[in-house]
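**Student:** Per our numbering, residue 424 is the first one in the sequence shown, and the count goes up by one each step.
I should point out that these hints are in silico values taken from the structure, not numbers from a laboratory.
We put the beta carbon where it would ideally sit given N, CA and C, even for glycine.
Hints are supplied without guarantee of correctness; some may be wrong.
Here are the in silico distance ranges between beta carbons for each label pair [as the list claims (entries may be wrong)]:
#	residue 1	residue 2	range
1	G494	V568	38 to 48 Å
2	R490	L543	35 to 45 Å
3	L547	D462	32 to 42 Å
4	A655	A546	41 to 51 Å
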Amino acid sequence: MAVPSSATPLFPRKLALALLALLACSFAANHVAARIAFDDGTGVLLAILCRSGITFLVLACLLLWQRQAVGLPTGTRRWQLLLGLLIATQSLCLYSAVARIPVALALLVGNTFPMLLALLTWALGGARPTGRTVLFMGLILCGLVLALDVPARLADSADANPHWALGVSLAFCAACAFACALWITDHKLAAVRGPVRSLLTLLIVFSSMLVAGASGVMPSGLSLPASSSGWAALASLVVLYGVAFTLLFVCVPRLNMAQNAPVMNIEPIATLLLGWALLDQRLSTWQLIGGAVVVCGIVLLTYRRAS
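Start from the sequences, fold in the hints, and give me the full structure.
**Tutor:** What follows is the structure, encoded as structure tokens:
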């Protein structure tokens, strides 16, 4: 049996922060690899199918090796199914956004989920956001206005990227779906062990993509890459996501996430740098300032929630 998390010694804080930063960069690189694959004709459904399927197999092997039983407490099955469907929706929306707008912008909008989670918790009977929390939310929204270059796009809508509005909307839907998933995890699935929850969630995501592909709801969703570079990008996104997810899965009991999790908000920054280096996706000075404001607001909001 695995050692209970309460008895697991924590990593030194510097090591924990370095590991979380590395994982955030791996998740960022996964999205950049996804954009390269999509530009080569790879279907969004195929990318999520491969990513979730391979990661599911790895986690299943780990659970078998640890001899952990896979079972759900009474009354949690429907919530676990809903959690898996929400994560499937989040994955589909975020990858679809990545395929349409600069990767860094998609991640910035998608990473507003802490703000949405605070509002959702309040709406469902939880604690009312404090004045500081509201201030940080306002900061995030102001940063998004700059990062998305909203004033310029409203002033010159005729020449705007036709995919911009759809891409931003999909990224926001991804943030909403993830916020709902986190609320369900905290309030309805707290009795379910983390390893079991992760494994079943991946299984539901994989099954959902299979059903979506077979139904033809996305005609090009299962399209194969057109060249070797597309295949390499597809393999890279699977490896990057699988390794990062598995390491997070294995190490989370020793990372003191309540204190150290905000460091993972460097993911949009890493995405910005990788998108500039590998995809030649450049943002204006005001967009960069807006992105920095969003990241700072998210970090401050997350630290406040963890305290």
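**Student:** Does each hint fit the structure? Answer for all of them.
**Tutor:** We went through each hint and held it up to the structure:
Range check, G494 to V568: about 47 Å between beta-carbon atoms, so the 38 to 48 Å window is met. A beta carbon spacing of about 37 Å between R490 and L543 agrees with the range 35 to 45 Å that was offered as a hint. At about 40 Å, the beta-carbon gap between L547 and D462 stays in the expected band of 32 to 42 Å. Between A655 and A546 the beta carbon distance is about 44 Å. The supplied range of 41 to 51 Å therefore holds.
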